[in-house]
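J.: Single-letter residue listing:
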Amino acid sequence: MRMGMLGQMRRTHSCVPRRQSCRRPVPQGEEASRRASTRHARVRAPQVLAFLAFVATAAVAQTRYPSPDDLVLSPDGTRLYAVLSGTGEVVAIDTAKRAIAGRVAVGKVPRGIAITPDGARLYVTNSWADTVSEIDTATLQPLRTLPAGFEPTGIAFDGRGALYVANRLSDDVAVVDLASGAITRRLISAHGASYATAAADGNRIYVTHIYPILGKFRTPPRSEIAEIDARTQIVSNRIALPDAAGVLHVAVSRDGRLGLAALLRPRNLVPLAHVEHGWAFGDSLAVFGDDIGGVVQLPLDAIEDYFSLPFGVAIAPDKKRAYVSASGSNEVAVIDLARLVTAARSPSAARLANDLSAASRYVVARIPVGRNPRNIALSSDGTTLWVANRLDDSISIVDTERLAVTGSIPLGAPPTLTPERRGERLFYSSAVSFGHSFGCANCHLDSTFDGLNWDLEPDGFGIDIVDNRALEDIADTSPFKWNGQNPDLQTECGPRTERFFFRSQGIRGDDLEDLVRYIKAIPLRPNRYRSPDGELTPAQERGKAIFLRTTRKDGTPIPEGSQCFVCHSGKYYTNQLPADVGTGKPTDRSPLVDTPELTNVVNSAPYLHDGSAHTFEEIWTIFNPRDQHGVTNDLAKDELNDLIEYLKTL
Amino acid sequence: MRATIIAAFLAASALFAQDLPRFRWENFTTANGLPDNRVYSVCVDGDRIWAGTDNGLALYENGKWRVFTTADGLAHRAVLYLALDKKTHTLWIATMGGLSRYSAGRIDTFTQLNSGLPNDVVYGVTVQGDLVWVATAAGGARLDTRTNQWSLFNERNTPMYEIWTYNVTAAEDKVYYAVWGGGVLEYDVKTERWKDYNDPDGETEIVLFKDQGLIHEITTSVSYVNKILWAATYFGASRYDGRNWRNFLDKDSGLPSNFLNQVKTVDGTRTWFSTDKGLAYYDGVQWATYRPALDTHAPEMLVRDAAGSVTHVPVTTAPAFHYTFGIDFQNDDIWVATAKGLSHGIRMKPGDK
Numbered sequence: 001m002r003m004g005m006l007g008q009m010r011r012t013h014s015c016v017p018r019r020q021s022c023r024r025p026v027p028q029g030e031e032a033s034r035r036a037s038t039r040h041a042r043v044r045a046p047q048v049l050a051f052l053a054f055v056a057t058a059a060v061a062q063t064r065y066p067s068p069d070d071l072v073l074s075p076d077g078t079r080l081y082a083v084l085s086g087t088g089e090v091v092a093i094d095t096a097k098r099a100i101a102g103r104v105a106v107g108k109v110p111r112g113i114a115i116t117p118d119g120a121r122l123y124v125t126n127s128w129a130d131t132v133s134e135i136d137t138a139t140l141q142p143l144r145t146l147p148a149g150f151e152p153t154g155i156a157f158d159g160r161g162a163l164y165v166a167n168r169l170s171d172d173v174a175v176v177d178l179a180s181g182a183i184t185r186r187l188i189s190a191h192g193a194s195y196a197t198a199a200a201d202g203n204r205i206y207v208t209h210i211y212p213i214l215g216k217f218r219t220p221p222r223s224e225i226a227e228i229d230a231r232t233q234i235v236s237n238r239i240a241l242p243d244a245a246g247v248l249h250v251a252v253s254r255d256g257r258l259g260l261a262a263l264l265r266p267r268n269l270v271p272l273a274h275v276e277h278g279w280a281f282g283d284s285l286a287v288f289g290d291d292i293g294g295v296v297q298l299p300l301d302a303i304e305d306y307f308s309l310p311f312g313v314a315i316a317p318d319k320k321r322a323y324v325s326a327s328g329s330n331e332v333a334v335i336d337l338a339r340l341v342t343a344a345r346s347p348s349a350a351r352l353a354n355d356l357s358a359a360s361r362y363v364v365a366r367i368p369v370g371r372n373p374r375n376i377a378l379s380s381d382g383t384t385l386w387v388a389n390r391l392d393d394s395i396s397i398v399d400t401e402r403l404a405v406t407g408s409i410p411l412g413a414p415p416t417l418t419p420e421r422r423g424e425r426l427f428y429s430s431a432v433s434f435g436h437s438f439g440c441a442n443c444h445l446d447s448t449f450d451g452l453n454w455d456l457e458p459d460g461f462g463i464d465i466v467d468n469r470a471l472e473d474i475a476d477t478s479p480f481k482w483n484g485q486n487p488d489l490q491t492e493c494g495p496r497t498e499r500f501f502f503r504s505q506g507i508r509g510d511d512l513e514d515l516v517r518y519i520k521a522i523p524l525r526p527n528r529y530r531s532p533d534g535e536l537t538p539a540q541e542r543g544k545a546i547f548l549r550t551t552r553k554d555g556t557p558i559p560e561g562s563q564c565f566v567c568h569s570g571k572y573y574t575n576q577l578p579a580d581v582g583t584g585k586p587t588d589r590s591p592l593v594d595t596p597e598l599t600n601v602v603n604s605a606p607y608l609h610d611g612s613a614h615t616f617e618e619i620w621t622i623f624n625p626r627d628q629h630g631v632t633n634d635l636a637k638d639e640l641n642d643l644i645e646y647l648k649t650l
Numbered sequence: 001m002r003a004t005i006i007a008a009f010l011a012a013s014a015l016f017a018q019d020l021p022r023f024r025w026e027n028f029t030t031a032n033g034l035p036d037n038r039v040y041s042v043c044v045d046g047d048r049i050w051a052g053t054d055n056g057l058a059l060y061e062n063g064k065w066r067v068f069t070t071a072d073g074l075a076h077r078a079v080l081y082l083a084l085d086k087k088t089h090t091l092w093i094a095t096m097g098g099l100s101r102y103s104a105g106r107i108d109t110f111t112q113l114n115s116g117l118p119n120d121v122v123y124g125v126t127v128q129g130d131l132v133w134v135a136t137a138a139g140g141a142r143l144d145t146r147t148n149q150w151s152l153f154n155e156r157n158t159p160m161y162e163i164w165t166y167n168v169t170a171a172e173d174k175v176y177y178a179v180w181g182g183g184v185l186e187y188d189v190k191t192e193r194w195k196d197y198n199d200p201d202g203e204t205e206i207v208l209f210k211d212q213g214l215i216h217e218i219t220t221s222v223s224y225v226n227k228i229l230w231a232a233t234y235f236g237a238s239r240y241d242g243r244n245w246r247n248f249l250d251k252d253s254g255l256p257s258n259f260l261n262q263v264k265t266v267d268g269t270r271t272w273f274s275t276d277k278g279l280a281y282y283d284g285v286q287w288a289t290y291r292p293a294l295d296t297h298a299p300e301m302l303v304r305d306a307a308g309s310v311t312h313v314p315v316t317t318a319p320a321f322h323y324t325f326g327i328d329f330q331n332d333d334i335w336v337a338t339a340k341g342l343s344h345g346i347r348m349k350p351g352d353k
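Line order of the protein sequences matches chains A and B. Per this note's numbering, residue 1 is the first one in the first sequence, and the count goes up by one each step. Per this note's numbering, residue 1 is the first one in the second sequence, and the count goes up by one each step.
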């Protein structure tokens, strides 16, 4: 029996000594071809052309697109600052001239931005550097680099001298004191803390979460908005969001009485056989605050006209309107706030959450904008809305009176589109699904995952529940799908997705190749647990020894198929073969699961093929009673902890 | 004449006792909304009071009790100890079924199955910056809340020969574990080394070498403030200043009993003790005991002076019960967890009656 399946874990980058016996058998023909290639090393014309084509492709693949993500306006409205996550910059835009006025380089993959009330300083989260850049707006020069947690994303300034940084991977909010430049406290958030906003008076900070709170297996997802009292710098309230996951930007009205947060209501507990009934995702708003007297979730979708993946939110200063971007269906919804509040306060409000006719009560217009609109910013007089079109590398300018785009500011994209960029556009678009209800990025939020387990197959109710897998660095980890039944990504993303997911024309031909190119190019995020020099801590070293052991503690040999590193072997810690590790459920059609890679596996809880293990520990304490998934029952608790410390580094 | 003498004596006693804290006691029971009268732990968070009971966690706020149970995510109904992260106001909750964490209405639970916690029977917990130290029935543990790394401390990597850790206290420089049956274990933050302190005579029932070391191996509680360590045992109390030990027994101090459940020092000198025979206080010279009298159950305050003379201070209120568990301070007030309710000692000013 084949052993060593470390749950439905992800892929890895660092190297465990790779044993010859662990390698995936190379097909004879392939090996023979390699040898022949070595023997006949003559340079021939077709090879030269192929090489040049490869070089050209590689160069294009490294092309960096600006990819605007977050926006903020200066208090006087003369400058718009956009975070360019693709090029690692902040661009300043002269709002009168509608032209770029300057740029400043920041850290790796910047995501969020905040500005001081006097407009003198910008603060930008560098999500891959775990830092915050402080920028002087007068000179557009960086001043300091401030600390943050793991993958800082959203950021808010309280007006008193403290930044609140939502850290997606450390599930907390770092409070950064600007006087000292140090983190003074870390507030417990929920899973995937991602976006933050400050109330106008600075007294309250609101933080949303891109992933759901890990609850009991196969129970409805839930999330929350953490409300922080900036005067005491503690979390004073957690606004519960039942049935919600993937909560994105949040905005609060100027009087502080009304809050709106964009969110997804995934229908992951029922078979994904009801796409045509709008039963895959509910694209919604959380409406909360004193105006509501609580929190209500209201839909933005309309029948067969879905408002896919709502992302950015802005509330007009006069509180008459709100605006929400849809990053999948490429539009901005205009919401009449009086009607929205009326709906939210109605006795039937709770029932409206899944009512596809409800949005017509308060959505007064939907304005097409560029591709993958992310955050939005509204001028202080409420007349102009700025939209960051991430995959068009532009800013749309929306006249809120005319309810139309009146201009666009290009941000300096390269002149050509690479196949990967074309694929990325497909990945984030909901255009191909029924009613443009969702796209790849609905489940693979920001090209990661969604923390949910799904009932995907229309083969019966409750069959083959699967955990959503991350997509980092998976190009060379075929086969795909939880049971390894898809030999390549073309199969995974093409006909299978078309049939089981989108219920529409799907993605085919050149588009499919582009999509696959993009997915294969999704990079590996930095590992926060591995030291830069690769040296392991004592606990990690001990864990590595357990990972590599071939005998039990009593000295008896561990069968090869039960040694961790046999199945989890090679660069990605997978032998790319199926195995029965005893984690199959009665609802699974087969106990065989594809051995998952372990790259950055620490980031992608829950685990196992169906997401039934919430933590690393549960993989072995609950789901490995007979040592089928590696031999672990002879380990003491501290040894298991050491093993986990090592796995975090992969 | 006799009446005059008695009156003078009582007046003198009252005057004398003014040096020691006097309280007006308000007691809370299930009749007031507590989920159970058996209260193991109490923790003050500003104006809010947390009580760990045998049947859930309770929060007293704005004059009302709010109860949290396993239905709210609490690891177990029996809440043994509470510790507050004063920076974030996160409450760490030691229970008989795991470690729970309360933050703004949400309870998360760590168990030996879903986390690196060594054992689900958690007796004690304390916060040291980003680190949370835990005392369990299978050794100590430290959770680094920044990295979620669990480090376990047991017989394999410390001098701990008995792994039943009962309580833990931490300061910037040192961490101390009360190891039930194993004395006191000290962790030096700077050197990352462990050292154990044991009863030098090794005798369970007698004290051969008083003040030469820890009074007894069966330690239940430790408290470390201003580089002074206090240890409570089932056979007396010990004070250690890093150089010398001083031990206290009921026969030679004001302790009402040698059976101590908790010790909590204010500043290293002024120290409180929860015992099976009342709440005790030591100010470095004098002792006081607060309880319902063991026989009549009438409110009682006993004062023992430096010479060993014991006097009764007339009082009208007392803690809910003589069997006391947990202690915490609220400015000059004190909160005491007892086996028959939670008691709030409201500090009386000189002249108050």
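Everything labelled a hint here was simulated from the structure, so no lab data went into it. Cβ atoms here follow ideal geometry from the backbone N, Cα and C, with glycine treated the same way. A portion of the hints provided could be inaccurate.
Claimed, not checked - Looking from chain A toward chain B, a few residues come up when the C-beta cut is under 8 Å (computed): (1) 170; (2) 236; (3) 238; (4) 508; (5) 617; (6) 618.
J.: Can you name, in rising order, the numbers of the hints this structure does not satisfy?
T.: Number 4 only.
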